[in-house]
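Asker: Spelled out from the first residue to the last, the chains are:
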Amino acid sequence: MLNAFFLAFAYLRYHRITTASLVLAISLIIAAPAATRLVLSEAEKSLGARAASTPLVIGARGSSLDLALSALYFQGTVATPVTQAAVDEVWDSGLGIAIPVHTGFAASSRPVVGTTLDYFDFRSLRPVQGRLFAQIGEAVVGSEVAAGLNLSVGDSLVTDTSNLFDLAGAYPLEMTVSGILEPGDTPDDGAIFVDMKTVWIIAGIGHGHEDSGKSALAAGIADPAQRIYQSITPENVDSFHFHQNSASLPVSAVLVSPYDARSSTILQGRYLEADNPLHAVDPATLIDRLLSTLFRIGRLLDLAIIVVGSAAVVAIALAVGLATQLRRQEMLTFFRLGAHRGAIVQTVMAQFALIFLAGAGLAATFLVLISWLLKGVPFAAIAMTG
Amino acid sequence: MLKTGVMCLSILVGWIGQASAEPLRIHASHGVIADFARQIGAEHVAVTMPVLVGTDPAQWVPGIADITAMQEADLILLNGLDYETWVDRVSLPRARTVETIRDVDIDLIRLSGVAHSHGDGPAHAHEGVAAQVWMDFGAAAKQAEAVAMAMTRLLPEEADTIAGNLAELKSELEALDDQARFLGEALEGRTLLVAQPGLEYFARAYGLDLIEATFDPLIPPTPEQWAAIDAIIARTDARVILWQSAPPEATRSALEARGVITAAFDTGASPAVDTFFTDLMRQNMNDLQTALSQ
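Residue numbers (this note's numbering), protein chains in the order written: chain A, 12 to 397; chain B, 3 to 296.
Treat the hints with care, since some could be wrong.
Stated by the list, open to error - Over the 10 Å line for every Cβ pair with chain B, so calculated as not near, a few chain A residues:
no. : residue
1   : L18
2   : Y22
3   : G165
4   : S167
5   : D293
6   : L302
7   : L312
8   : A315
9   : L365
Said to hold, decoys possible - Restraint-style ranges between C-beta atoms, simulated for each label pair:
no. : chain 1 : residue 1 : chain 2 : residue 2 : range
10  : A       : H254      : B       : A48       : 39 to 45 Å
11  : B       : W88       : A       : H254      : 15 to 21 Å
12  : B       : A48       : A       : G195      : 29 to 35 Å
Quick caveat, the hints were computed from the structure, so don't treat them as lab data. Backbone N, C-alpha and C fix where the C-beta goes; we use that ideal spot for every residue, glycine too.
With the rest of the complex left out, here is chain A (with noise of 0.2 Å):
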């Protein structure tokens, strides 16, 4: 049997190109529809579980879609913020738990969230290294982002200028890093988590009356070049203040935990009417729906790869007939030499099994390439723009 191993593998290597593409297309015929079925099952858990562990999202009326993505991912913005008057009446309702989200700006391209500390009770989020943020002008950052930007707890990072042709805006705000939280597979990894007030100050609603922009100014004239920005000290701090009233204060959504399934479904209830301006939208429903479009997709394409692969496989095994038919006279020579017919038979078979082996290891790596690749998709993202 060793035998017919080792004459086997003699062939293959002689005729390597061939080999090599026996050995490709039967790997792809393996790995297309084991990869759709990864790509899906990988937005199903990216998806699906950030969405199952989310009661409700409350926002403005409009896309659920949109406004999921936004409170959930961090994706993208919501065309109609609510007011923390949303927050404070599923408070005040005594439902549930209401933690305010503020998306739609960042730092260094990184998405920078506005939150409460709930939100880390929420998400069950605890820093590996340094605390939670304590006040105005600190950041919580994902461990992403620290990896990615080279942070450290001590540092600090200036949020985007949001619109360069905003004059009257505010300057972009230099946060500190209090603390990197733990890694966890999910949105939370990449974004960067502040205080509601602090993203309201990056917003320009509250500012201070010291030091704002000195950071930068300080050395003379502005210069185009120059980056600005204001910074939140000590010195300063007391000085920060707003000058709306909180209940008008911008919120991009409001994540809702209700205390039992009744407050759920009160709540929901109450955002049910055509004319109030908030919806309650159920996330795990929402992007339930979502993924079965994506699984029905995902069927169509299954079909197609099992016409295409069996229509691969019909043309390995005619090229595979014609080639035995070639290698006749090889055969013949085997068997002239004495080779039993047994023992050519075992030797042909052996080059189908190394080659399927081969095909079969090859399709193994893409497919724990593909798996790693995976792990970086932002599932979210492509539901946005999809």
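The hints should help you fit chain B onto chain A, whose structure is shown.
Answerer: Frame of chain A; chain B shown alone:
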């Protein structure tokens, strides 16, 4: 509405549950709430109040370490009504924070905002809403209820103990209320001076006629302040001045020379108080009656 502020704590039940054998870690922002929490929670709570002894909690500003410690507490008990001036600049978990004043149904008192200064310090005025509602003992009972509800939510297995301790505390507060009404009736028609703000709700609830003299508890009054006091003494029958802590000896002597007796009347907010709130209030009223009888 009372339950509203407390309902939000349910998210913590599971979190706390695992450590139910451990006393509940409570942060209180002033001495009265801390005392209520200790009395109601007894051995089931560990109450901390980071304000330094001798510091007015209303003037205290927490450092980062204080804020972090607060964030780690199972329950953060605040007064509300901007008593904690720092609260807008720090990050606290709303689900674990209870404003004890939130559900107290009381007409708020706006401070007159008379401009004054302490020694050489800058002139300022106590403006906004008076926050010491606990000096109306009916309102204090409501604050105690808010504390008890928050605790019950986190320690449901101790609900009976908490309810029993609350009932006992409310009974003492009712007795205080009766004593204060009796005092108010005895003082009808008489004017009292008060050295610092903080007794507005006490005066309104029990019918006391108080005039704020705005003395600094530590710095001797300026000649202008003495002139203002002399003017008040001249136009009223005020012969007693209430201090939240003992005045400087020189100030006390100067007041006595003007025929004005000093009487301690501590609101209980400061952590220096090493006694129960109810005992302190009883002592305050007894001291006042003694001073009036002199």
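Asker: Verify this label for me: A/L302 is non-interface relative to chain B, using a Cβ-Cβ cutoff of 10 Å.
Answerer: 28 Å, holds
Asker: Can you let me know if the beta-carbon spacing of A/H254 and B/A48 is within 39 to 45 Å?
Answerer: Given range 39 to 45 Å: holds, Cβ gap about 40 Å.
Asker: Is it true that the C-beta distance of B/A48 to A/G195 lies inside 29 to 35 Å, as the hint says?
Answerer: 31 Å, holds
Asker: Report holds if the minimum CB distance from A/L18 to chain B is greater than 10 Å, and violated otherwise.
Answerer: 67 Å, holds
Asker: Measuring Cβ to Cβ, find out whether A/L312 lies farther than 10 Å from everything in chain B.
Answerer: Fine: 42 Å to the nearest Cβ keeps A/L312 off the interface.
Asker: Holds or violated: 15 to 21 Å for the Cβ distance of B/W88 and A/H254?
Answerer: Given a distance of about 19 Å, which is inside 15 to 21 Å, the answer is holds.
Asker: Hey, is A/D293 genuinely clear of chain B, shortest beta carbon separation above 10 Å?
Answerer: Fine: 19 Å to the nearest Cβ keeps A/D293 off the interface.
Asker: May I ask you to check that A/G165 keeps its beta-carbon over 10 Å from the closest beta-carbon of chain B?
Answerer: 12 Å, holds
Asker: Since A/S167 was said not to touch the interface, does its Cβ keep a gap of more than 10 Å from each Cβ of chain B?
Answerer: 16 Å, holds
Asker: Checking the smallest CB distance to chain B, is A/L365 really beyond 10 Å?
Answerer: Label holds. Min Cβ-Cβ 57 Å, cutoff 10 Å.
Asker: With d taken as the least Cβ-Cβ distance between A/Y22 and chain B, does d exceed 10 Å?
Answerer: 66 Å, holds
Asker: Taking the minimum C-beta separation from A/A315 to chain B, is that value above 10 Å?
Answerer: 47 Å, holds
Consistency with the previously given hints is maintained throughout, with no hint failing.
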